[in-house]
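Just so it is clear: in the sequence shown, position 252 is 252 by full-length UniProt numbering, and no numbers are missing.
If you're looking for bench data, these hints aren't it; they were derived computationally from the structure. The model shown is predicted, which means the values in this text are computed figures rather than measured ones. If a hint is listed, it holds; no wrong ones were tucked in.
Below 30 Å or equal to it, Euclidean Cα-Cα: the simulated BS3-like pairs (lysine-lysine) are:
hint, residue 1, residue 2
1, K144, K250
2, K144, K230
3, K186, K196
4, K184, K154
5, K49, K114
6, K144, K186
7, K138, K186
8, K144, K184
9, K138, K250
10, K184, K250
11, K138, K154
12, K184, K196
13, K56, K114
14, K154, K250
15, K250, K230
16, K154, K144
17, K186, K154
18, K114, K138
19, K196, K250
20, K196, K144
21, K138, K196
22, K250, K186
23, K114, K144
24, K196, K154
25, K114, K98
Quick list of the computed label-pair ranges, beta carbon to beta carbon:
hint, residue 1, residue 2, range
26, P64, V261, 47 to 53 Å
27, L46, D280, 33 to 39 Å
28, N282, Q113, 28 to 34 Å
29, R297, P218, 33 to 39 Å
30, K154, Q242, 15 to 21 Å
31, G177, A281, 18 to 24 Å
32, Y57, Q113, 14 to 20 Å
C-beta: ideal position from N, C-alpha, C; glycine also.
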Amino acid sequence: MINPSSASGGVCRLLASLLYGLEFHMDTSEDSTFLQDMLMGNTLHLLIKVYDRLQKYRAQRPAPLLDSTRGLAQDLAEELRGVVTSPETTELLHLLSKPHVQAFLSVHDMVAQKAFDPRLPPLPPLPDNDEKEEDSIKIVCLMKNQEPLGATIKRDESTGAIVVARVLRGGAADRSGLIHEGDKLKEVNGVPVEDKNPEEIIPILAHSEGAVTFKVIPGTKEEPETIETKIFVRALFDYDPQADPAIPCKDAGLEFRRGDVLQIVSQEDDTWWQARRHGDANLRAGLIPSRQLQERRVTLQRPEVLFHPPRVSKAFGGKLRNP
Numbered sequence: 001m002i003n004p005s006s007a008s009g010g011v012c013r014l015l016a017s018l019l020y021g022l023e024f025h026m027d028t029s030e031d032s033t034f035l036q037d038m039l040m041g042n043t044l045h046l047l048i049k050v051y052d053r054l055q056k057y058r059a060q061r062p063a064p065l066l067d068s069t070r071g072l073a074q075d076l077a078e079e080l081r082g083v084v085t086s087p088e089t090t091e092l093l094h095l096l097s098k099p100h101v102q103a104f105l106s107v108h109d110m111v112a113q114k115a116f117d118p119r120l121p122p123l124p125p126l127p128d129n130d131e132k133e134e135d136s137i138k139i140v141c142l143m144k145n146q147e148p149l150g151a152t153i154k155r156d157e158s159t160g161a162i163v164v165a166r167v168l169r170g171g172a173a174d175r176s177g178l179i180h181e182g183d184k185l186k187e188v189n190g191v192p193v194e195d196k197n198p199e200e201i202i203p204i205l206a207h208s209e210g211a212v213t214f215k216v217i218p219g220t221k222e223e224p225e226t227i228e229t230k231i232f233v234r235a236l237f238d239y240d241p242q243a244d245p246a247i248p249c250k251d252a253g254l255e256f257r258r259g260d261v262l263q264i265v266s267q268e269d270d271t272w273w274q275a276r277r278h279g280d281a282n283l284r285a286g287l288i289p290s291r292q293l294q295e296r297r298v299t300l301q302r303p304e305v306l307f308h309p310p311r312v313s314k315a316f317g318g319k320l321r322n323p
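All chains should be built: construct the whole structure from the sequences, respecting the hints.
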């Protein structure tokens, strides 16, 4: 290990000797100039200084005097409220009550207690009737904030099992990489869901915050490699998923207005595409009607086009026009 007291100087001398030794093996002066700029650049030397500081920190092994400064601050505030008030005590109480001071103390306590990772609940035991499927069952624990799961479910008509119908790009399920289309869902937070309808399971998922535990059986369908498309369209109609009775999951829909620019990220489903609003900070995709579905809806709303075929047929980026 490099001695922390001489890390910067030793590494710099090593880089200089390396550059000098390789200079005779360079084919062109451009290679020599590139290597010199890289090894002697400010970015690399700043990284060496950071490394030096970290080595000194590890060598000192500092330990916190307290791991509960917030409690100490609260006790101090209680003591100050019981004494004769003065400008100094009033100012100190005001400082201790500031949100950024309390947040600073909270961060100090988390670092002192090394509470860096989220605390996950213990894994539920496998029921007796799952012994045959023990090798294939997996327990998935997702950290979910105030956001949808990013997946839709359905009942498989052939097996009767609850399966993952689709995974929305950018959602919590997609970011985890642990839940895939075709997985059989058996439990959610310890609640068996095999005998429930998808409509009964959706509220369980919606009201789950923090750590959400799933017991799933991986689907046999091979997961295709997902490549995000770069197709952008401008919407020519308003869409509200809450008012669409045909959408598989209203919470998974993407609301948009006429004129919004949408990025189509998945066209794997012929009926429901996945899209996100261009420029939106929320990267989770939502379901929108596909061009085929929207054109069919427009046709049903305008029976006269059955007798006068439209010249242009576009749900996104165009309009229906009759001759």
